[in-house]
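Asks: Residue numbers (this note's numbering), protein chains in the order written: chain A, 100 to 361; chain B, 121 to 319.
The hints are simulated quantities; they were obtained by calculation from the structure and are not laboratory data. C-beta: ideal position from N, C-alpha, C; glycine also. Some hints could be false.
To be verified - With the C-beta cut set under 8 Å, the calculated list includes, among others, these residues of chain A facing chain B: (1) 104; (2) 111; (3) 118; (4) 131; (5) 197; (6) 198; (7) 202.
Stated by the list, open to error - Sample of chain A residues at the chain B side, in silico, Cβ under 8 Å: (8) 113; (9) 117; (10) 129; (11) 182.
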Amino acid sequence: MTTDATVEAALGELHASAPPSLAPRTLTEVGLADWYTRMPSPIGELVVAWNGLGVATVEAAADDTAFETAHRARTGRVAYRADHLPDRLANAITRRLEGERRVRIDLDLRGHTEFERDVWLKALEIPHGEVRPYGWIAAEIGRPKAVRAVGTALGHNPVPLIVPCHRVVRSDGMIGQYSLGGPENKRTVLTSEGVDVPGLERLAAAGIRYVGSDTTKIYCLPTCRHARRVMDRHRLEFHSAAEGIARGYRACLVCRPASAAA
Amino acid sequence: MEDDASLTIALADDLDGTFERLVRAHQDRLYSIALRMLGDTGDAEEAAQDAFVRAYRALGRYEAKRIRELQLRPWLATIVLNLCRSRLARRPVVVRRQVSLDAPLPGDLEPRAEEARGPAAATARRASAEAWAGLLLNLPPAYRSAVVLRHVDGLSYPELAIALDRPEGTVKAQVHRGLAMLRTAYESADRREREEMTA
Numbered sequence: 100m101t102t103d104a105t106v107e108a109a110l111g112e113l114h115a116s117a118p119p120s121l122a123p124r125t126l127t128e129v130g131l132a133d134w135y136t137r138m139p140s141p142i143g144e145l146v147v148a149w150n151g152l153g154v155a156t157v158e159a160a161a162d163d164t165a166f167e168t169a170h171r172a173r174t175g176r177v178a179y180r181a182d183h184l185p186d187r188l189a190n191a192i193t194r195r196l197e198g199e200r201r202v203r204i205d206l207d208l209r210g211h212t213e214f215e216r217d218v219w220l221k222a223l224e225i226p227h228g229e230v231r232p233y234g235w236i237a238a239e240i241g242r243p244k245a246v247r248a249v250g251t252a253l254g255h256n257p258v259p260l261i262v263p264c265h266r267v268v269r270s271d272g273m274i275g276q277y278s279l280g281g282p283e284n285k286r287t288v289l290t291s292e293g294v295d296v297p298g299l300e301r302l303a304a305a306g307i308r309y310v311g312s313d314t315t316k317i318y319c320l321p322t323c324r325h326a327r328r329v330m331d332r333h334r335l336e337f338h339s340a341a342e343g344i345a346r347g348y349r350a351c352l353v354c355r356p357a358s359a360a361a
Numbered sequence: 121m122e123d124d125a126s127l128t129i130a131l132a133d134d135l136d137g138t139f140e141r142l143v144r145a146h147q148d149r150l151y152s153i154a155l156r157m158l159g160d161t162g163d164a165e166e167a168a169q170d171a172f173v174r175a176y177r178a179l180g181r182y183e184a185k186r187i188r189e190l191q192l193r194p195w196l197a198t199i200v201l202n203l204c205r206s207r208l209a210r211r212p213v214v215v216r217r218q219v220s221l222d223a224p225l226p227g228d229l230e231p232r233a234e235e236a237r238g239p240a241a242a243t244a245r246r247a248s249a250e251a252w253a254g255l256l257l258n259l260p261p262a263y264r265s266a267v268v269l270r271h272v273d274g275l276s277y278p279e280l281a282i283a284l285d286r287p288e289g290t291v292k293a294q295v296h297r298g299l300a301m302l303r304t305a306y307e308s309a310d311r312r313e314r315e316e317m318t319a
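Isolated chain A, as found in the complex:
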């Protein structure tokens, strides 16, 4: 005979322990902890950290313990080691790094100032294979005098490569600094995107800031896709926007060189 007490005792035994993965999965999903893993890139192995809100960190790979400690100090969050990126995120990052701009990658930019976020979101608009000066970002976000602050904000970019701060160069056209391991890495990344870095630096050294076409009477920043299309015999070089304007040229609506001149 089975009594209620027997059944109740048997049911009590059905209380189970949660799998160890439940707490990390929950905490990362709500953004109170992060996952991290390693991924290859043109400038060596990177560590990527993310949570349910988006990608939080991209940086040069250190050893796991060092990363976890630094991450905790910086964000206040625990980082759990994952074997690999989730397929969708891995795919999105790969496509973004290959130049597809419309791929959606959510970012977790909590804990940063509105100004920093404005700078980073603006940098996201710079197409693959093109560069813009710091002053261009400053003017575009409505803070034309904040050129140095733009440089500082780009130096604090927590998600380099995904937010392409490597596409922002000095206002004199020189390549400038890079937070992800220094200027050499910046040249490598830009070159991998098809930018003619030595060519850009030759223009910069010669004081050339803009390129115009005598067929369209439009002037552009040198890496603008419209400037790169101009054939040599139709190509003019300007030292300043004023020089172009004086010769009857108007600013390109795509690369908006007037912002760089501000």
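With chain A held as given, fit chain B onto it using these hints.
Replies: Here is chain B on its own, set in the frame of chain A:
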């Protein structure tokens, strides 16, 4: 286990700083409820995770006073139970009745004294638990949830009434009816097994 009164006070004051304590204190409960409602460990982990995520988002919207007055045990049980119900509703019909009444039975429920300890006893206990879990999965969901919350999770009847949003008398009746159905299912399966053995 951490007591819920101090947890709700801390949650009201600092949700982000306290939420992990809530997860650690309640994860075995939510996982057990989901496992016994759904019967699959992967589904159960997902449902428990979803429940915590929903709880976190709800707590983020609640005012401090409301959080302090929350009864965490029945509140969390309601959330996970609702997620289990919608998961069950989404399952194809064939899968719903996956566990049949012919599931293997534990044999002797109470192991003989000399077997009550040691690995053999542990194996017998596990087999027995699996059999009961199978029978539980065959209960209609309304009875299953009442029985799971009362006897697997250990909620009191007043808590059960809150969790299921039914009068206490109704949930008591559901638990008793559920237990009776379980006992009948157990006995008929047991009888069948004996008949097969003697045939």
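Asks: Each of the hints needs a verdict: does it hold here or not?
Replies: To see whether the hints hold, each was checked on the structure:
Because the closest C-beta pair between residue 104 (chain A) and chain B is about 10 Å apart, greater than 8 Å, the hint is violated. Nearest Cβ of chain B to the Cβ of residue 111 (chain A): about 6 Å, under the 8 Å cut. The hint holds. Hint status for residue 118 (chain A): holds, given a least beta-carbon distance of 6 Å to chain B, under 8 Å. Using the Cβ-Cβ criterion of 8 Å, the hint placing residue 131 (chain A) at the interface with chain B is satisfied: the shortest such distance is roughly 6 Å.
For residue 197 (chain A), the interface hint is violated, since its Cβ never comes within 8 Å of a Cβ in chain B; the closest pair sits about 32 Å apart. Because the smallest distance between the Cβ of residue 198 (chain A) and any Cβ of chain B comes to about 34 Å, over 8 Å, the interface hint for this residue is violated. Of the supplied interface hints, the one on residue 202 (chain A) is violated, with its beta-carbon coming no nearer than about 25 Å to a beta-carbon of chain B, more than 8 Å. Hint status for residue 113 (chain A) relative to chain B: holds, with the closest Cβ pair at about 5 Å, below 8 Å.
Below 8 Å, beta-carbon pairs count as interface contacts, and residue 117 (chain A) has one with chain B at about 4 Å; its hint therefore holds. Interface restraint check: residue 129 (chain A) against chain B, minimum CB-CB distance 5 Å, threshold 8 Å, status holds. Here the hint on residue 182 (chain A) is broken, as its CB sits about 17 Å from the closest CB of chain B, past 8 Å.
Hint compliance for this structure: hints 1, 5, 6, 7 and 11 are not met, and every other hint is.
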